[in-house]
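Taken in order, these protein sequences are the chains called A and B. Here my numbering is used: the first residue of the first sequence is 0, the next is one more, and so on. Here my numbering is used: the first residue of the second sequence is 0, the next is one more, and so on.
Keep in mind that the hints were calculated from the coordinates and are not lab data. In this text, all values refer to a predicted model and were calculated from it rather than measured experimentally. Please note that a few of the clues may not be correct.
Copies of the same chain look alike in the list, so a pair counts if it works inside one copy or between any two.
[Claimed, not checked] List time: in silico SDA-like cross-link candidates among lysine to any residue, alpha-carbon distance up to 25 Å:
id, residue 1, residue 2
1, Lys259, His78
2, Lys259, Glu13
3, Lys259, Glu80
4, Lys292, Pro262
5, Lys179, Leu25
6, Lys259, His197
7, Lys292, Arg277
Here's the letter readout for the chains.
Protein chains: 2
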Amino acid sequence: MTTQMAQEIAEQPEAVSRTLDALRPLRGELAHLARGTRHVLFVARGSSDNACVYGRYLVETHAHRMAALAAPSVATHYHAEVDLSDALIVCVSQSGETREIVETLDWAASRGARTIAVTNDGASALARAADLTLITHAGRELAVPATKTYTTQLAAMAILATALAPTPPALDAELARVPKEMARLVEQREGVDAAAEHLAQSAETIVSGRGLLFGTALEVALKLEETCLRPVRGLSYADLRHGPIAVVDSEVAAVVVAAKDGPVVAGLTEVAIDLRERGATTIGIGGDATFAKACSLSVPGPDLTEAVAPLATVVPGQLMVEALARRLGLDPDSPRGLSKVTQTDAD
Amino acid sequence: MTTQMAQEIAEQPEAVSRTLDALRPLRGELAHLARGTRHVLFVARGSSDNACVYGRYLVETHAHRMAALAAPSVATHYHAEVDLSDALIVCVSQSGETREIVETLDWAASRGARTIAVTNDGASALARAADLTLITHAGRELAVPATKTYTTQLAAMAILATALAPTPPALDAELARVPKEMARLVEQREGVDAAAEHLAQSAETIVSGRGLLFGTALEVALKLEETCLRPVRGLSYADLRHGPIAVVDSEVAAVVVAAKDGPVVAGLTEVAIDLRERGATTIGIGGDATFAKACSLSVPGPDLTEAVAPLATVVPGQLMVEALARRLGLDPDSPRGLSKVTQTDAD
Chain A
0 MTTQMAQEIA EQPEAVSRTL DALRPLRGEL AHLARGTRHV LFVARGSSDN
50 ACVYGRYLVE THAHRMAALA APSVATHYHA EVDLSDALIV CVSQSGETRE
100 IVETLDWAAS RGARTIAVTN DGASALARAA DLTLITHAGR ELAVPATKTY
150 TTQLAAMAIL ATALAPTPPA LDAELARVPK EMARLVEQRE GVDAAAEHLA
200 QSAETIVSGR GLLFGTALEV ALKLEETCLR PVRGLSYADL RHGPIAVVDS
250 EVAAVVVAAK DGPVVAGLTE VAIDLRERGA TTIGIGGDAT FAKACSLSVP
300 GPDLTEAVAP LATVVPGQLM VEALARRLGL DPDSPRGLSK VTQTDAD
Chain B
0 MTTQMAQEIA EQPEAVSRTL DALRPLRGEL AHLARGTRHV LFVARGSSDN
50 ACVYGRYLVE THAHRMAALA APSVATHYHA EVDLSDALIV CVSQSGETRE
100 IVETLDWAAS RGARTIAVTN DGASALARAA DLTLITHAGR ELAVPATKTY
150 TTQLAAMAIL ATALAPTPPA LDAELARVPK EMARLVEQRE GVDAAAEHLA
200 QSAETIVSGR GLLFGTALEV ALKLEETCLR PVRGLSYADL RHGPIAVVDS
250 EVAAVVVAAK DGPVVAGLTE VAIDLRERGA TTIGIGGDAT FAKACSLSVP
300 GPDLTEAVAP LATVVPGQLM VEALARRLGL DPDSPRGLSK VTQTDAD
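Next comes chain A alone, as it looks inside the complex (with noise of 0.2 Å):
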């Protein structure tokens, strides 16, 4: 029997190119929108905040604009009187609904801040009060853990920062390819199974990216901890190597991903071979031919330009996750402890 989740992950293609094409012709306004302004500020949780992460390098790489992500609470609790004035706001949240954001999008405005929403649901609160929003055209989403509502929030992304770059948008021919190598990804679901079966079998797990795909190791930390049910910690190889790596042992199940090309690549295959000369078990998903070899297990990513990558690279992430889940006899579709719209402070 097919699980809610795997359905949902083999509906990306299909979604993501569903959102490419209803938000492409949105950039002249995108661009309109954000003139006279110079930083981008991206407000999300959970896999919304590391679909933000993926929208604050990108952003900065290649439409050369300052990008930050905010702390909602200097928004929700602290009311600080920040001069927004040159900031754009992209407030980002599958439901549309969870309060803090729709009030950190409220609080921005009123600091003087152009606001954009990207929501799967264009009738939300978040989508009212938004001056733009880029609707996700992932479909209703059944399953508790987000597959096609990131995904879909990548796409909404990478067409915000082409939106914003300077120069005609070079990435449109890379972008049009993604919902191909996504479909091919979930059809041969490769190294996937044998990856599922190493992390069944490690105590203790970390996940390591950097740069452009830094977001993607987060999102497959953060879907391996609420999915799985264990304790899982995303970092990027800097900070892995400036401490946490003195605890790696032959205990650790260490998931590397990577793109094809780019320049952190070498650095991340370096932390590989480092990882494993502490004796864990490296899963490297993506990267080169070099990178795949340093890894002790390879799965295979997506035959895409590192600035895109993102898109697909977590689709085999996410397919490692199901059957994870499948192998520990839980059910990757309602995850103990988690409901669909969450909200952060109880009151």
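With the hints as your guide, set chain B onto chain A.
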């Protein structure tokens, strides 16, 4: 026999007092350098990064400026052509020799930013490269886990934020009380050994906080991990609530860090109750009376308002880490696999 780490924890009141005295007179120069800038961007790794998390919240909530933590790879690996002409970059490194931090400062300067170094070595590469240096007067730190170099960095953050604040520095009276409160906590060490004993008996540890003390939670998590060689996750209570709380059960010891006042104590108290209801042992550091009562075990914090509380609230956390390391038969002064000056790339 006293460990070096214990000795350096005890030296903090003096070191912070010295640092505040040395940096107070630089406020005019700081304000002058910041003139015309609108954003503060912090750059660091490890404990210094945790100091920057405090700096970020304090600048946003008290100096009313946008502030963010930079992703160094955007500079060092992607060489992004971001316009930083309205940004003040604050690079924090104990040694002042961490290559990626120096490189990021050079990149920021070449992109138009004004640059500040916060370092314990006024002759370091970082200090030489910056427009203005805030020297932390911690003295030489011999134990590998940062203690007095971390709290003196927090003192530098407080000086920076009060220099940027549009109003006269209202926090000065509270800041002046910090060294005495630190000294009291070192001397009394109330609840510290009981907390270490609880942690020694727990299979898994998480640390949570939020807002101005979120960086304190991250620092206690990092210290526990690096010094006691156990995987520890530091999470804001909002992120904890958003998902990872699902994996909390009676195997978990949860350390929750709070100030005696401020808008997040109530939420932290609710989280402490929630964690206990899920079976976790909760160790509360600081907070008000209601918070202390909600925790399984209370470790008193300083009698300081939230905005400056981080300088002293970490002290019982450090004492707890030092006691736990000894309890586990480890040497807190030189944890396995770490060295004092860290490089994040192998090249």
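Going through the hints against the structure:
no.	hint	in the structure
1	Lys259 <-> His78	between (43 Å within a copy, 19 Å between copies)
2	Lys259 <-> Glu13	within (24 Å within a copy, 52 Å between copies)
3	Lys259 <-> Glu80	between (43 Å within a copy, 23 Å between copies)
4	Lys292 <-> Pro262	within (18 Å within a copy, 51 Å between copies)
5	Lys179 <-> Leu25	within (23 Å within a copy, 58 Å between copies)
6	Lys259 <-> His197	within (23 Å within a copy, 46 Å between copies)
7	Lys292 <-> Arg277	within (17 Å within a copy, 43 Å between copies)
When held up to the earlier numbered hints, the structure conflicts with none and fits them all.
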